[in-house]
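Peer 1: In case you want the letters, here they are:
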Amino acid sequence: MPSEARPSALRRLLADPLGRFGLALVLVILITAIFAGAIAPYSPSAIAIPDRLQAPSFAHLFGTDQLGRDVFSRVVLGARIALEVALVAIALALAAGGALGLAAGYGPRWLDSILVLVFDTIRSFPTIMFALALVTLIGPSLETVIVIVVATFAPGYGRIVRAQTQALKHAEFILAERSLGAGAARILAVHVVPNIVGPLFILASMDIPVVITIEAGLSFLGFGVRPPTPSWGTVLNDGYAFIGNTPWIIVAGGLPLVLSTLGFTFLGEALRDAIDPRLRKEI
Amino acid sequence: MHRLHLTRRDFIGGSTGLWVAAALAPRAAQAQGTSVLRVRSYSDIQDFDPAFSKAAPDGDVARCVFRQLITYKSSASWEWRLDAAEKIDQVDPKTVAFTLKPGIKWTNGFGEMTAEDVKFSFERVADPAVKSPYKGDWATLDHVEVTGPLSGVIHLKEPFAPLWLSTLPWTAGTILCKKAMEASGNRFTTSPPAMCGAYLLKEWRPKQETVLVRNPDYNGPRPAYDEIRIHPIEDEKTAEIGFGAKELDFTGTSVSSLPKLMKDPPAGSKVEVHPSLAYVWLGMNVDVPPFNDIRLRKAVQKAVDVEAILQAAYFGAADRATGIIAPGLLGHRDIKAPPRDLAGAKKLMAEAGKSGGGVKATLAILNKTERLTAAQVIQANFAEFGIEVQIDAHDSGTFWSLGDQSKGDQWKQLHMILQRYTMAPDPSWAVAWFLPSQIGIWNWERWNSTEFDQLNTKALVETDTKKRGEMYVRMQDLMEESGAYVFLTHEVAGVMYRDTVAPALMPDGRVILPGFAPKA
Amino acid sequence: MLLFALRRAGLACAIIFCAIALLFGMIYLVPGDPASVALGPLATPEIKAAFRVRMGLDRPVIMQFLIFLGHVFTGDLGIDLFSNRRVTEIVFEAMPYTVALTACGIGWAIGLGIPLGCWSAIRRNTWLDRITGVLAVAAIAVPSFVVALYALLLFAVELNWFPAIGAGTRGDLGDQLAHLVLPSFAIGLGWVGYLARLVRASMLEVLGENHIRTARAYGLPERRIVFRYALRLAVLPTVALLGVGIGHLLSGAVFAEIVFARPGAGKLVFDAVVTRNFPVVSGAVLVTTALFTLCTLAADLLIAWLDPRVRADL
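Chains as they are written, first to last, in the working numbering: chain A, 51 to 333; chain B, 53 to 572; chain C, 5 to 318.
Note that these hints are calculated values from the structure, not bench results.
We treat Cβ as the ideally placed atom computed from N, Cα and C, and that holds for glycine.
Check before you lean on any hint, since a few could be wrong.
What the hints assert, rightly or not - Simulated pairs of lysine to any residue, SDA-like, Cα-Cα distance not exceeding 25 Å:
no.: 1; chain 1: C; residue 1: 52; chain 2: B; residue 2: 458
no.: 2; chain 1: B; residue 1: 420; chain 2: A; residue 2: 220
no.: 3; chain 1: B; residue 1: 420; chain 2: B; residue 2: 324
no.: 4; chain 1: B; residue 1: 298; chain 2: C; residue 2: 221
no.: 5; chain 1: B; residue 1: 420; chain 2: A; residue 2: 95
no.: 6; chain 1: B; residue 1: 315; chain 2: A; residue 2: 118
no.: 7; chain 1: B; residue 1: 459; chain 2: B; residue 2: 344
no.: 8; chain 1: B; residue 1: 350; chain 2: B; residue 2: 322
no.: 9; chain 1: B; residue 1: 406; chain 2: B; residue 2: 374
no.: 10; chain 1: B; residue 1: 254; chain 2: C; residue 2: 51
no.: 11; chain 1: C; residue 1: 52; chain 2: B; residue 2: 95
no.: 12; chain 1: B; residue 1: 254; chain 2: C; residue 2: 93
no.: 13; chain 1: B; residue 1: 459; chain 2: C; residue 2: 51
no.: 14; chain 1: B; residue 1: 322; chain 2: C; residue 2: 213
no.: 15; chain 1: B; residue 1: 412; chain 2: A; residue 2: 157
no.: 16; chain 1: C; residue 1: 52; chain 2: B; residue 2: 488
no.: 17; chain 1: B; residue 1: 459; chain 2: C; residue 2: 52
no.: 18; chain 1: B; residue 1: 459; chain 2: C; residue 2: 56
no.: 19; chain 1: B; residue 1: 183; chain 2: C; residue 2: 90
no.: 20; chain 1: C; residue 1: 52; chain 2: B; residue 2: 330
no.: 21; chain 1: B; residue 1: 420; chain 2: B; residue 2: 510
no.: 22; chain 1: B; residue 1: 420; chain 2: A; residue 2: 233
no.: 23; chain 1: B; residue 1: 464; chain 2: B; residue 2: 510
no.: 24; chain 1: B; residue 1: 298; chain 2: C; residue 2: 90
no.: 25; chain 1: B; residue 1: 510; chain 2: B; residue 2: 312
no.: 26; chain 1: B; residue 1: 388; chain 2: B; residue 2: 298
no.: 27; chain 1: B; residue 1: 312; chain 2: A; residue 2: 183
no.: 28; chain 1: C; residue 1: 52; chain 2: B; residue 2: 460
no.: 29; chain 1: B; residue 1: 231; chain 2: B; residue 2: 298
no.: 30; chain 1: B; residue 1: 464; chain 2: B; residue 2: 344
Said to hold, decoys possible - Now the in silico label distances, taken between C-beta atoms and shown as ranges:
no.: 31; chain 1: A; residue 1: 163; chain 2: B; residue 2: 344; range: 36 to 42 Å
no.: 32; chain 1: A; residue 1: 58; chain 2: C; residue 2: 9; range: 47 to 53 Å
no.: 33; chain 1: B; residue 1: 440; chain 2: C; residue 2: 138; range: 56 to 62 Å
no.: 34; chain 1: C; residue 1: 220; chain 2: A; residue 2: 80; range: 27 to 33 Å
no.: 35; chain 1: C; residue 1: 220; chain 2: A; residue 2: 235; range: 27 to 33 Å
no.: 36; chain 1: C; residue 1: 73; chain 2: B; residue 2: 255; range: 43 to 49 Å
no.: 37; chain 1: C; residue 1: 74; chain 2: B; residue 2: 255; range: 52 to 58 Å
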């Protein structure tokens with residue numbers, strides 16, 4: 051009978067081919083984002099009208115857009131923007147949703163009812179109206195996109211955290227702590243949060259590409275970031291507008307979106323399976 | 053028990069059935085012996101009551117179901133022909149006498165068109181109580197005198213030069229049935245109480261199609277198509293795709309598609325480019341920094357690379373504008389535009405003490421593709437001589453209120469605007485928005501010129517065409533001298549239609565639907 | 005169960021109320037006016053002021069809100085500012101198109117997604133499973149307006165299999181179904197991916213459980229096990245997902261409606277918002293929020309009925 055320990059989480063992750071695939075993609079995207087300045091051959095806003103709308107070539111790996119800008123450089127810089135927006139937005143959404151979810155799950159019944167009402171109202175509100183209101187009030191920018199994403203995701207996270215907290219609330223060890231006189235803050239911080247954090251992070255990591263898709267959708271509807279910011283959504287939208295002239299821009303904009311979704315989704319699922327397969331049931 | 057297979061096969065079988073059905077369904081109604089014209093409009097009809105008509109598609113339908121004394125010919129220049137009028141003469145600068153053709157029947161039993169209808173229609177638009185946005189077209193109307201059942205005289209308080217070019221043949225010259233309007237509250241939006249035009253509105257399915265059918269009682273030149281179906285499609289790309297899928301016979305095209313379409317039109321169709329009446333310019337707010345300094349404004353005029361903007365945004369299809377009045381119209385400013393002078397711009401910046409950089413300005417645009425492209429070129433141009441531009445793309449709701457003083461102080465944040473207005477073929481429509489009285493309303497540059505104002509007043513009543521033209525040229529000179537305006541282009545209008553259709557178009561590509569005919 | 009249902013219904017009403025209150029707050033804050041949008045420079049200050057009065061914007065926000073609510077109970081959602089038609093008529097004219105589009109999108113999702121997920125679960129960890137997994141996630145990744153555009157270009161223009169624009173002739177069911185195929189595919193494709201992954205995951209879980217192993221040990225045919233036992237249990241999370249997803253499908257419909265020039269509630273809200281036609285915005289948001297809340301309510305009730313453990317909390 052072998053006495054070695056179970057293979058580590060990392061080992062299990064790497065054993066799964068899709069996990070390897072996901073990890074590789076995420077690493078590529080991370081490296082691209084971090085070293086964007088060095089990787090991009092041209093400035094993403096360098097206009098060169100005579101070279102407009104060219105197909106991919108050695109000089110321009112993804113071709114040029116309607117202003118002669120190098121699409122590859124724009125996509126590379128876009129990776130940085132995409133990750134920045136996604137990470138900040140999801141972190142904020144987790145913080146906001148998580149805090150409210152804890153309050154809802156652990157707190158008194160009336161607070162719970164109010165918070166659930168808030169969550170569901172925001173979730174049922176049409177994003178377009180909300181996006182428009184924000185864009186006209188605070189202007190089109192990455193900050194606005196972040197706020198919209200936070201508003202879109204926070205209720206969802208809040209609901210999940212609430213459900214987990216409620217389940218834990220009645221667990222024996224919590225009851226024991228309470229009978230010993232431990233305060234709510236201590237219980238939450240020491241017992242509840244650590245149990246929730248793991249699965250929540252994994253779920254959130256799979257939402258990263260969704261954030262990028264939301265930005266693309268907003269751009270399509272005209273609520274995107276200020277030009278000449280090279281977000282992937284802007285590149286996609288330019289590609290859509292000029293589809294009659296060249297198909298390459300939309301491919302260049304769509305490809306990183308697909309790859310990042312593949313990467314984060316498979317990595318997330320493999321992580322979840324590797325860390326604790328039982329989590330599959332809950333998330 | 054192969055539920056899986058069943059599901060898949062069922063589905064595939066079902067969808068096959070669907071597309072076969074679609075393929076067999078008669079797409080063109082040619083199969084039934086009715087000739088149908090399928091046209092795209094860029095927006096759905098909302099309100100084609102002539103006193104309140106909203107957008108061009110409303111006017112297009114009004115032109116089908118109503119008549120005017122005179123109307124535009126389908127030709128390359130803005131000329132009119134008689135429509136409901138048998139005779140019409142300018143008796144003297146303040147008087148126009150007309151006689152209607154007999155036998156123009158209204159629908160719904162309202163009898164025939166009389167001079168009373170003409171009087172009612174024109175005075176209605178001019179009536180301040182009606183609050184028509186087109187009131188200005190009849191600004192000098194005194195009254196319409198009815199001298200007989202079919203004849204009348206239009207009396208003006210003062211001579212009104214735009215009368216023949218943009219009042220009578222345009223929206224404000226549409227004739228409505230007095231009895232029908234009075235019987236139905238004097239207002240309609242999409243269901244007129246009585247029609248008399250070449251076509252009748254048969255059905256309006258909002259956001260899907262407007263169906264017009266031939267009017268059997270029409271006594272004018274018989275329109276060729278039995279039925280016209282107008283499909284509102286906002287997105288130009290969708291319209292072009294719909295045309296390519298043979299679901300439309302006529303559509304406008306987007307500017308970016310024009311080069312490709314002209315080189316390689318879809319099978320069995322023609323693509324044409326028409327000059328547009330629109331005028332696009334870059335305006336600067338003269339009341340707030342940084343452009344309250346005329347040196348900076350002049351620097352901008354020198355440094356904007358208009359040719360590059362035209363190449364980028366309009367694919368070279370549009371020409372540079374020298375003013376706000378397009379070529380071919382009275383008052384067109386026929387000068388050679390100066391080339392870009394970056395050195396001169398930098399010198400002016402130095403004179404103003406701003407050569408160290410740090411000048412920031414916002415550029416407000418409507419969030420359309422051409423404007424976005426143009427704005428980004430402008431942004432790059434400005435960087436070359438030391439102004440950092442922030443582009444603010446707005447949706448139409450916000451954009452059209454940006455310079456509006458009554459809405460608060462947001463006009464103070466408006467530094468530059470890339471703006472586009474359209475007009476009717478008379479030059480008075482172009483200059484109306486730059487008057488001092490429009491500051492804080494539609495004069496968002498807030499340019500205050502007394503001479504401009506005086507010229508405008510004189511030109512409205514000047515009957516000598518040559519003198520009038522010179523006045524409008526001088527007005528555009530003044531605009532340029534103020535430094536607040538950089539004239540960019542008049543754009544172009546692209547249209548695409550099947551070989552089997554002979555369209556009737558105004559010089560700017562707008563449709564005259566009753567004039568369309570099938571071609572063998 | 006009844007108590008649960010009543011509580012959920014009460015919550016649904018509260019949600020609708022709050023959503024409309026939020027909307028009115030936004031209308032009050034957001035700049036822009038419909039007169040300028042409609043008429044451009046022809047809009048004089050008097051005309052703009054007249055529009056404001058017609059929209060009731062000269063009254064305090066609370067008053068506007070209460071008046072709106074009062075009218076809603078009599079079935080009057082207001083008057084469209086530009087065409088003077090009743091908003092109720094406009095919204096209920098557009099809704100069936102979006103509902104049909106959403107339903108067909110779900111149809112694609114169920115029709116393709118569930119079989120794919122099932123199949124992947126049965127053939128887990130083979131290369132076929134992995135490729136299906138990659139395709140499923142890729143399907144989720146591509147934005148719906150891109151799918152719409154390519155579907156349009158390929159199937160409508162190149163191949164001419166399906167019509168390109170509009171919703172089809174009224175009364176002609178076949179024509180309308182033909183016009184639904186491509187747009188619903190565009191919005192449903194992402195859901196095909198989601199459902200495929202979800203069904204696969206649920207089935208794998210169920211297939212690993214004790215009673216399944218017992219059934220296998222007794223020699224029941226694999227196919228019977230999959231369909232009789234596993235698939236049924238996998239349906240539960242599917243229902244949950246669809247309940248939540250309907251709201252997103254409704255707002256996702258706007259992309260397909262724009263690209264295919266279809267009438268529908270998504271485009272209605274978008275156009276109305278951009279032109280500041282606020283009576284239409286209020287009416288349409290009310291109806292779509294109500295619909296969304298009803299769908300989630302129905303989904304929640306269905307889940308609670310199927311799984312009693314859920315009933316403990318709201």
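Peer 1: Does each hint fit the structure? Answer for all of them.
Peer 2: Now the hints, each set against the structure:
no., hint, result
1, 52(C) to 458(B), "10 Å, holds"
2, 420(B) to 220(A), "56 Å, violated"
3, 420(B) to 324(B), "22 Å, holds"
4, 298(B) to 221(C), "61 Å, violated"
5, 420(B) to 95(A), "19 Å, holds"
6, 315(B) to 118(A), "21 Å, holds"
7, 459(B) to 344(B), "22 Å, holds"
8, 350(B) to 322(B), "43 Å, violated"
9, 406(B) to 374(B), "28 Å, violated"
10, 254(B) to 51(C), "31 Å, violated"
11, 52(C) to 95(B), "22 Å, holds"
12, 254(B) to 93(C), "19 Å, holds"
13, 459(B) to 51(C), "14 Å, holds"
14, 322(B) to 213(C), "67 Å, violated"
15, 412(B) to 157(A), "50 Å, violated"
16, 52(C) to 488(B), "20 Å, holds"
17, 459(B) to 52(C), "10 Å, holds"
18, 459(B) to 56(C), "12 Å, holds"
19, 183(B) to 90(C), "23 Å, holds"
20, 52(C) to 330(B), "24 Å, holds"
21, 420(B) to 510(B), "37 Å, violated"
22, 420(B) to 233(A), "57 Å, violated"
23, 464(B) to 510(B), "32 Å, violated"
24, 298(B) to 90(C), "35 Å, violated"
25, 510(B) to 312(B), "46 Å, violated"
26, 388(B) to 298(B), "43 Å, violated"
27, 312(B) to 183(A), "38 Å, violated"
28, 52(C) to 460(B), "14 Å, holds"
29, 231(B) to 298(B), "43 Å, violated"
30, 464(B) to 344(B), "12 Å, holds"
31, 163(A) to 344(B): 36 to 42 Å, "56 Å, violated"
32, 58(A) to 9(C): 47 to 53 Å, "48 Å, holds"
33, 440(B) to 138(C): 56 to 62 Å, "45 Å, violated"
34, 220(C) to 80(A): 27 to 33 Å, "44 Å, violated"
35, 220(C) to 235(A): 27 to 33 Å, "50 Å, violated"
36, 73(C) to 255(B): 43 to 49 Å, "35 Å, violated"
37, 74(C) to 255(B): 52 to 58 Å, "34 Å, violated"
Hint compliance for this structure: hints 2, 4, 8, 9, 10, 14, 15, 21, 22, 23, 24, 25, 26, 27, 29, 31, 33, 34, 35, 36 and 37 are broken, all remaining hints hold.
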